[in-house]
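> For reference, the chains in residue letters:
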Amino acid sequence: MPLEWILSKYNYWISAALMLIGFYTMISKKNFIKKIIGMNIFQTAIILFYISISDIENRAAPILVAGKSDYVNPLPHVLMLTAIVVGVSTTAVALSLIMKIYKEYGTIEEDKLLEVR
Amino acid sequence: MIQNFPILVVILPLITAFLIPLIGWWRKKYCLYISILSILSVFIISIYLLNSVMASGVVRYDLGGWEPPYGIEYVVDLLSIFMIILIAFISLVIAIYSKKSVEKELSDNIVAFYTLFMLLIAGLLGIVITGDLFNLYVFLEISSLTAYALIAVGEKRDALLASFNYLIIGTIAACFILLGIGFLYMVTGSLNIADLSAKLPEAYSLYPRVVLAAMIFFVVGLSIKMALFPLHTWLPNAYTHAPSVVSALIAALMTKVGAYMMIRIMFTVFGIHFVTEVIPVTSILSWVAAIAIIVGSINAIAQTDIKRMLAYSSVSQIGYIVLGIGLANSIGLTGGILHIINHAFMKGCLFLAVGAVIYQTGIRDIRDFQGIGKKMPYTMAAFSIAALSMVGVPPLCGFFSKWFLALGSIESGKWIFAVIILLSSLLNAGYFFRVLEKVWFGESPHEGVDEAPKSMLVPILILAAGCILLGIFVFIQSSFIKSIANTLL
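In order, the protein sequence lines correspond to chains V and E. Per the working numbering, the first sequence starts with residue 1, numbered consecutively. Per the working numbering, the second sequence starts with residue 1001, numbered consecutively.
Just chain V, with the same shape it has in the complex (with noise of 0.2 Å):
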């Protein structure tokens, strides 16, 4: 029973497990590009917590088709939609903010920053 209730939530156990993978890489890696990977991954994670959440099981995607009446609730995908653009804009933030700190300090390990500042 307890696998089979396990088993049955697997999207929210992938989710949480990738959530914890992006916030350790942001805060434990000291390469600042890893950084902006595991913030990614975090963002993923939370997209296909909120995907999980809409999703109920025998019902169509939320478009209009003759014969269905039961749809998926559309606004969480809504939702992502914009939190994917706020993904992508911070990751644009990042990235460029790491091309000057190269430019400026010759390296973007964290630990060498610390020698070279």
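Treat the hints with care, since some could be wrong.
In silico DSBU-like pairs for lysine-lysine, Cα to Cα no more than 30 Å straight-line [unchecked claim]:
(1) E:LYS1199 with V:LYS100
(2) E:LYS1156 with E:LYS1028
(3) V:LYS29 with E:LYS1156
(4) V:LYS30 with E:LYS1028
(5) E:LYS1414 with V:LYS34
(6) E:LYS1156 with V:LYS34
(7) E:LYS1104 with V:LYS9
(8) V:LYS103 with E:LYS1028
(9) E:LYS1029 with V:LYS100
(10) V:LYS100 with E:LYS1156
(11) E:LYS1199 with V:LYS103
(12) V:LYS30 with E:LYS1199
(13) E:LYS1028 with V:LYS100
(14) E:LYS1100 with V:LYS100
Simulated from the structure, these hints should not be mistaken for lab results. Because the structure is a prediction, the values reported are computed rather than measured.
Fit chain E to the known structure of chain V by using the hints.
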């Protein structure tokens, strides 16, 4: 036209942000004037909105004609209009100040600076006016992203690292807030703040753990955004290395909007019963705030760079606001909200005055401030007024927020917080009098240093006058703020 005023508050700065690159491509100097014009019109609109809120209660605006809770709703209540007027006024003053400072510090990036400046204002105004949680998240990200860029726009080496550090920590906070919103949406199926607060008690009885998790994510995320100790590590570097205008802007407004979000989510969404009795998050916050007040002040004493000293002083002042939220009684919350406006004026004035000194002389080390008061008397007089107000000398405004906070802590039977407020006032006096003594009673080694230009001096003096007037006429705003606090509790 008039019924569309709530949306215009956000749309005007947003459109201006898109117009500025076009106009700047033609004539760079017009960027400033169009920004000032746009903020001024927001300020006039907000005065009108204040009138209609006072006359007929909460003003609601449905975006695109979609009825709430399905569509996005903008809600202008007393707390929102208070924050809108504060943001519009402070950013107007800082925009006037920015002319000379930006010409000198960011001469290559004038157009980019004003574009980001207007986007930041649009984001902050959006946060305080929206009645929809996801919309709040989007505006939060707009204001945060522009703040990261504005800190780095000066392209000093250290500013880049400070900005990157802020970006990483700020994104973690935003992700936590987004998760919190997701948990609330999961159990209530609603994103509208008014609708959520009506549905939450029932949702809590069905799914207590989910609501608790949402609460924790919100509190941690917002604490990072408003730099509450011990999650303040991004703040000192960001404030120290940013251009002077940006330091003043984010010190006066960004963390205050964080405090607004915390008040809104704790008291409007979750409700006073939930945050004080179901889980005692307010009493935890008040203890954290008490530690923040002391640690921030002690750190400020240890600094030699004046901007870093002011930054650590901000950490301690955030503690006062959170203490007001944590006390969660009428007088305490009044003190907290009063400190939002008072601290915006005081810290804005201090950062602008320091910016003027850096503009004229380039000095930042407190030991070099010897006798600068004789060379720049008006700037340093304003600095002294704001500093005395931070210490809490009556009748300046800083005294009254501390007074209300102390009364609030005594009323809820927590004498220890009143003692902490007194102790931190002494610590404040310690680090400000150290500067004031150098400024006024030293022999000046600065030859040929003049008073700051008028376009910088006038905004500084306006904010200093604000510190005095907000103190003398405290009964007007305190009765207004008390009615805000009573609607929240």
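> If a hint holds in the structure, say so; if it does not, say that too.
How the hints compare with the structure:
1. E:LYS1199 with V:LYS100: violated (48 Å)
2. E:LYS1156 with E:LYS1028: holds (23 Å)
3. V:LYS29 with E:LYS1156: The hint holds at about 25 Å.
4. V:LYS30 with E:LYS1028: Not OK: V:LYS30 and E:LYS1028 at ~40 Å, beyond 30 Å, violated.
5. E:LYS1414 with V:LYS34: violated (46 Å)
6. E:LYS1156 with V:LYS34: holds (24 Å)
7. E:LYS1104 with V:LYS9: Distance ~58 Å between E:LYS1104 and V:LYS9 Cα, so the pair is violated.
8. V:LYS103 with E:LYS1028: holds (28 Å)
9. E:LYS1029 with V:LYS100: The given pair, whose Cα atoms are some 27 Å apart, holds under the 30 Å limit.
10. V:LYS100 with E:LYS1156: holds (10 Å)
11. E:LYS1199 with V:LYS103: The hint is violated at about 52 Å.
12. V:LYS30 with E:LYS1199: violated (44 Å)
13. E:LYS1028 with V:LYS100: Holds, at roughly 25 Å.
14. E:LYS1100 with V:LYS100: holds (26 Å)
In summary, the numbered hints that this structure violates are 1, 4, 5, 7, 11 and 12.
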